[in-house]
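Visitor: One-letter residues, chain by chain:
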Amino acid sequence: MALPKGTPEEVNAAIDAFLDALEQDICERFATTMAKPLASIVAKAKTESPQLDLEGQ
Amino acid sequence: MPEVSLAERLSEWLPILWTLLGIAALIALWLSGTVDGLLNRVTKFGGFGVSFEFTEKSAAETRDSIEQGLGAVRVKIRRRLAADVRAAGLQEAFATLIDNAASLAGKRGFRATIHIPDPLYANQLYQLLNYHPKGGGAGRAFSTRSGIIGMAWRNRESDRWYQGLTKERELRRKWGMTPEEAAERVSADSEKLFLAFPLFDESGAVPIGVF
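As they're listed, the protein sequences go chains A and B. Take the first sequence: its position 19, counting from 1, is numbered 19 in my numbering, and each next residue is one higher. Take the second sequence: its position 37, counting from 1, is numbered 37 in my numbering, and each next residue is one higher.
The shape of chain A in the complex, shown without the other chains (with noise of 0.2 Å):
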């Protein structure tokens, strides 16, 4: 996405609220509409397929 112009001071302050608007507004909807399939995606995922530690081997 284009960057707001601006002083660098006010690039930092455009993107802030800018991401402080957007994480509230998707985290809100995601919770009434997608959090419930997804965790259930996600669930079924990990006790279906083998997750493999390579780092750690």
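Worth double-checking, as some hints may not be accurate.
[Stated by the list, open to error] Using 20 Å as the maximum straight-line C-alpha spacing, the simulated EDC-like pairs for lysine to aspartate or glutamate come out as follows:
id : chain 1 : residue 1 : chain 2 : residue 2
1  : A       : K36       : B       : E92
2  : B       : K167      : B       : E181
3  : A       : K44       : B       : E181
4  : A       : K44       : B       : D201
5  : B       : K107      : A       : E10
These are computed hints drawn from the structure, not numbers from a lab. Keep in mind the model is a prediction, meaning the values are calculated, not measured.
Place chain B on chain A using the hints.
Guide: Frame of chain A, contents of chain B only:
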């Protein structure tokens, strides 16, 4: 006291003498370096139904075999997850979620997706959904040790990354990239803004993915 013959005495001491002789021989071999040489020539190891031979030819064959085996498992997992996503209508739900995001209204040139813990490899994130609205990308895996999605997943909090303000050195030091990855990022993403935050289940306590 009964008298013991020389033959009987020898038969009593013979096992002990043989043992001492064997130990002496082993010490002599060890001191001469012969044992090390013999051990280093062991190139085959096996157990529990699996065997590996440590030779150049076998290394390539073993790598090919493991890659093919894991590749087949990866394909099955990818198909299963894609089917689950279709059955739950998750890609469509995600499109609606993004399209109705007030904070993204009027914004162009962005793409969004969801990653989940990789079912195949620990400490990896699996891209569950295709990017919206541009499409593509689902089925890839990324390390949780690097990049912004790794940072958001590990810390359980949102993060941002504006490449324009990030130097190659910082990509290596903070974002866990190799010099090659950092150089590639600098040239490819110099004008991009990245945002990531963790997603939780309905209870709000269990992390299930990264936006």
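Visitor: Each hint needs a verdict: does it hold in this structure or not?
Guide: Checked hints:
For the hint linking A/K36 to B/E92, the alpha-carbon distance of about 15 Å falls within 20 Å, and the restraint holds. A C-alpha spacing of about 13 Å is found between B/K167 and B/E181, which places the hinted pair at or below 20 Å, so the restraint holds. Taken as a hint, the A/K44 and B/E181 pair is broken in the structure, with Cα atoms around 33 Å apart against an allowance of 20 Å. A C-alpha spacing of about 14 Å is found between A/K44 and B/D201, which places the hinted pair at or below 20 Å, so the restraint holds.
At roughly 19 Å between alpha-carbon atoms, B/K107 and A/E10 fall within 20 Å of each other, so this suggested pair holds.
In the structure shown, a violation is registered for the earlier hint numbered 3 alone.
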